[in-house]
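Please model the entire structure based on the sequences and the hints provided.
These protein sequence lines are chains A and B, in that order.
According to my numbering, the stretch in the first sequence is residues 1 to 404, in order.
According to my numbering, the stretch in the second sequence is residues 1 to 121, in order.
If you're looking for bench data, these hints aren't it; they were derived computationally from the structure.
Mixed in with the good hints, there may be bad ones.
[Stated by the list, open to error] Which residues of chain A face chain B? A few of them, derived with a C-beta cut under 7 Å, are:
#, residue
1, Tyr-77
2, Arg-78
3, Lys-131
4, Asn-303
5, Gln-311
[Stated by the list, open to error] Under the rule of at most 30 Å between Cα atoms (straight-line distance), these lysine-lysine pairs were calculated in the DSS-like manner:
#, chain 1, residue 1, chain 2, residue 2
6, A, Lys-64, A, Lys-157
7, A, Lys-157, A, Lys-253
8, B, Lys-90, B, Lys-121
9, A, Lys-157, A, Lys-267
10, A, Lys-2, B, Lys-54
11, B, Lys-10, B, Lys-54
12, B, Lys-10, A, Lys-133
13, B, Lys-10, B, Lys-90
14, A, Lys-133, B, Lys-121
15, B, Lys-113, A, Lys-133
16, A, Lys-3, A, Lys-366
17, A, Lys-131, B, Lys-113
18, B, Lys-54, B, Lys-70
19, A, Lys-64, B, Lys-10
20, A, Lys-3, B, Lys-114
21, B, Lys-90, A, Lys-366
22, B, Lys-113, B, Lys-70
23, A, Lys-366, B, Lys-10
24, A, Lys-253, A, Lys-267
25, A, Lys-133, B, Lys-114
26, B, Lys-121, A, Lys-64
27, A, Lys-180, A, Lys-253
28, A, Lys-131, B, Lys-114
29, B, Lys-121, A, Lys-131
30, A, Lys-133, B, Lys-90
Every residue, glycine too, gets a C-beta built ideally from N, C-alpha and C.
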Amino acid sequence: MKKILQVALGLLTGIGGFLEIGSITTAAQAGASFGFQLIWAIAVGTLCLMFLVEMSGRLSAVSKQTVIDAMRTRFGYRFYIIVLAIVSIVSFLVLVAELGGIAISLQVLTGVGFPWWVVPVCFLIWVMLWKLKLDLVENGASALGLVTVCFVVAAVKLHPHWGAVAHSFVPSLPTDDRAKYGFLAVSILGASVSPYLMFFYSSGAVEDEWDESYIPINRIIAGFGMGVGGFFSMAVCIVAALTLRQGGVGVEKFEQAALLLTGALPKWGFILFALSVAFGCLGAALEISLALSYMFAEGLGWNWSENEPAQRDARFSFLYTLVIMLAAIPLVFGVDPMQVTMISMALTAASLPFSIVPFLFLMNDKEFCGDHRNGWFSNTVVAAIIVLAFVLSIISIPLQVMGG
Amino acid sequence: MDLVREVLDKRILDRDGTIIGRVDGVIIEVDGNGQPRATQLSIGGPPVFARVGKWAASLARFLAARWGPKRGGAVRIPWSDIDHFGRDIKLTISCRDTQAMAWEDWIDEHIVKKIPGGASK
Chain A
1 MKKILQVALG LLTGIGGFLE IGSITTAAQA GASFGFQLIW AIAVGTLCLM FLVEMSGRLS
61 AVSKQTVIDA MRTRFGYRFY IIVLAIVSIV SFLVLVAELG GIAISLQVLT GVGFPWWVVP
121 VCFLIWVMLW KLKLDLVENG ASALGLVTVC FVVAAVKLHP HWGAVAHSFV PSLPTDDRAK
181 YGFLAVSILG ASVSPYLMFF YSSGAVEDEW DESYIPINRI IAGFGMGVGG FFSMAVCIVA
241 ALTLRQGGVG VEKFEQAALL LTGALPKWGF ILFALSVAFG CLGAALEISL ALSYMFAEGL
301 GWNWSENEPA QRDARFSFLY TLVIMLAAIP LVFGVDPMQV TMISMALTAA SLPFSIVPFL
361 FLMNDKEFCG DHRNGWFSNT VVAAIIVLAF VLSIISIPLQ VMGG
Chain B
1 MDLVREVLDK RILDRDGTII GRVDGVIIEV DGNGQPRATQ LSIGGPPVFA RVGKWAASLA
61 RFLAARWGPK RGGAVRIPWS DIDHFGRDIK LTISCRDTQA MAWEDWIDEH IVKKIPGGAS
121 K
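Written out as structure tokens, the structure reads:
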């Protein structure tokens, strides 16, 4: 009975927590600029995430330690510091984007400029982390995030040509604007495959004291939860293709993206879009703040637990407090959340080899995974997708920068 | 014993299971007969920053002189205080017998305790 509940909650987190500023923005831009053509990138990114989340849960269930614990123990201090530096910088930028996402949805809902919302939003997130235990933080935000199902409803209501949607699972190149196409593909991969999510998920598994009996549950949560989440992303892309592209609207500004649902859901579309972004980003912002604290605490050997009062793990609690305060600064000064989003998603894709390659070594190490090591299939799938994301990013990021 | 594989970078737990740090270094002394012997575990402090780079060590010294607890250097745990080696290294002593929690206590005292609501969840 307890395990059925855990599967349900795991699925809730996977589905309700899937969409956030990165996946929504990149999928909407892809749809508005290239129709269904980039759906393959969402599928590939989601597939990679499914494998990575399953692996990090499995590592923690078998070894009773988190991915960061294992990285520090296996590869030593210097290597851990390099991974920590790269992943924290990128995750910090993503956190800025998520906080900005909440603030800007409040702007379109209320008409009050987003910089004014930043401090109250950051305060709310901090209070949740300060006072709530991990399960409540995670499941509360994910339950609110279920509002993102409105994208699926809208996609179905718009009656897309399902044959064309299915066809777009096979990658193809557009005739023009290839630089933008490549950059969007990279950003989509970066938005789907988030290293912070692995670190968060494996820390949660250790906090919940998973053992080997959780391996099947973990597989269902990772496969089904993330898989359904991926369909939500595709729904965003489909809706954008059918409303924004045909209406000739770009998605350079958030206010334009906010019109996404008004075609399919004229009455509630605008509010539902803003709420979806706000709740999606809330969940992600909570997870990233915690993931950053987990990454420092586990690797450096501090006491850590989101289930303990703040005073029981002072360094851990202080770190997320500091991180949230720092992330608020650029937004208070009016830095555009959409731009931070696109930059941070592309940088995430470029940084993937640094976190995922050592992780794959751990997943093949008998000392950590025993008889539950990776098979050749999962190794190949993840390695191939990471190489693809990296190669695409080193080609398309400079092109995008030069092309403005 | 393979010091790099079985000792270095492992987690150190005190007798009550509190995580007090990771093995950032192993102190090896040479006795009268010229035999090297591992005598202490080292946690944190300037040596760790020196492993990142000289600039990091200088920066750490600069900051530590103005801010934070004054514990002076890395924490050393004598080999005789080790209970056993496993996935973690378990000690026979309490974290309170060492300086390992100096930063934890300093941040708790000066920052976390001053913020309301941190005592319960």
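Here is what the structure says about each hint:
Because the beta carbon of A:Tyr-77 sits about 6 Å from the nearest beta carbon in chain B, less than 7 Å, this interface hint is met. For A:Arg-78, the interface hint holds, since its Cβ comes within 7 Å of a Cβ in chain B; the closest pair sits about 6 Å apart. For A:Lys-131, the suggested interface contact is upheld, since its CB lies about 6 Å from the closest CB of chain B, less than 7 Å. At about 5 Å, the closest approach between the beta carbon of A:Asn-303 and any beta carbon in chain B falls short of 7 Å, and the interface hint on this residue holds.
Of the supplied interface hints, the one on A:Gln-311 holds, with its beta-carbon coming within about 5 Å of a beta-carbon of chain B, less than 7 Å. Of the supplied pair hints, the one linking A:Lys-64 and A:Lys-157 is violated, its CA atoms being roughly 46 Å apart against a limit of 30 Å. Distance hint between A:Lys-157 and A:Lys-253 is fulfilled; the C-alpha atoms sit about 25 Å from each other, no more than 30 Å. For the proposed pair B:Lys-90 and B:Lys-121, the alpha carbon gap of about 28 Å is at most 30 Å, so the pair holds.
For the suggested pair A:Lys-157 and A:Lys-267, the alpha carbons sit about 14 Å apart, so the restraint of at most 30 Å is met. Taking the CA atoms of A:Lys-2 and B:Lys-54, the gap is about 52 Å. The hint is violated against a cut of 30 Å. A distance of roughly 24 Å separates the Cα atoms of B:Lys-10 and B:Lys-54; the hinted pair therefore holds under the 30 Å criterion. Under the criterion of a C-alpha separation no larger than 30 Å, the hint pairing B:Lys-10 with A:Lys-133 is consistent with the structure, at around 28 Å.
Using a Cα cut-off of 30 Å, the hinted pair B:Lys-10 and B:Lys-90 holds, with the two alpha carbons roughly 10 Å apart. Note on A:Lys-133 and B:Lys-121: the hinted pairing holds, with a Cα-Cα distance of about 7 Å set against a maximum of 30 Å. Under the criterion of a C-alpha separation no larger than 30 Å, the hint pairing B:Lys-113 with A:Lys-133 is consistent with the structure, at around 19 Å. For a cut-off of 30 Å, the pair hint linking A:Lys-3 to A:Lys-366 stands: about 27 Å separates their Cα positions.
With a C-alpha separation of about 14 Å, the suggested pair A:Lys-131 and B:Lys-113 falls inside the 30 Å cut-off, and the hint holds. Between B:Lys-54 and B:Lys-70, the direct Cα distance comes to roughly 21 Å. Compliance with the 30 Å bound is thereby established for this hinted pair. Taking the CA atoms of A:Lys-64 and B:Lys-10, the gap is near 14 Å; set against the 30 Å cutoff, the hint holds. At most 30 Å may separate the alpha-carbon atoms for a hinted pair to count; A:Lys-3 and B:Lys-114 exceed this at roughly 40 Å.
Among the hinted pairs, B:Lys-90 with A:Lys-366 is consistent with the structure: their alpha-carbon atoms are about 23 Å apart, no more than 30 Å. Straight-line distance between C-alpha atoms of B:Lys-113 and B:Lys-70 comes to about 19 Å, which keeps the hinted pair within the 30 Å bound. Using a Cα cut-off of 30 Å, the hinted pair A:Lys-366 and B:Lys-10 holds, with the two alpha carbons roughly 17 Å apart. Between the alpha carbons of A:Lys-253 and A:Lys-267 the distance comes to roughly 22 Å, so the proposed pair stays at or under 30 Å and holds.
Restraint check for A:Lys-133 and B:Lys-114: satisfied, since their Cα atoms lie roughly 21 Å apart, inside the 30 Å limit. With a CA separation close to 25 Å, the supplied pair B:Lys-121 and A:Lys-64 stays within the 30 Å bound. Between A:Lys-180 and A:Lys-253 the alpha-carbon distance is near 16 Å, which keeps this suggested pair within the 30 Å criterion. Restraint check for A:Lys-131 and B:Lys-114: the C-alpha separation of about 15 Å stays at or below 30 Å, so the hint holds.
Straight-line distance between C-alpha atoms of B:Lys-121 and A:Lys-131 comes to about 5 Å, which keeps the hinted pair within the 30 Å bound. Between A:Lys-133 and B:Lys-90 the CA atoms are separated by roughly 28 Å; this keeps the pair inside 30 Å, and the hint holds.
Violated hints, listed in ascending order, are 6, 10, 20; each of the other numbered hints is respected by the structure.
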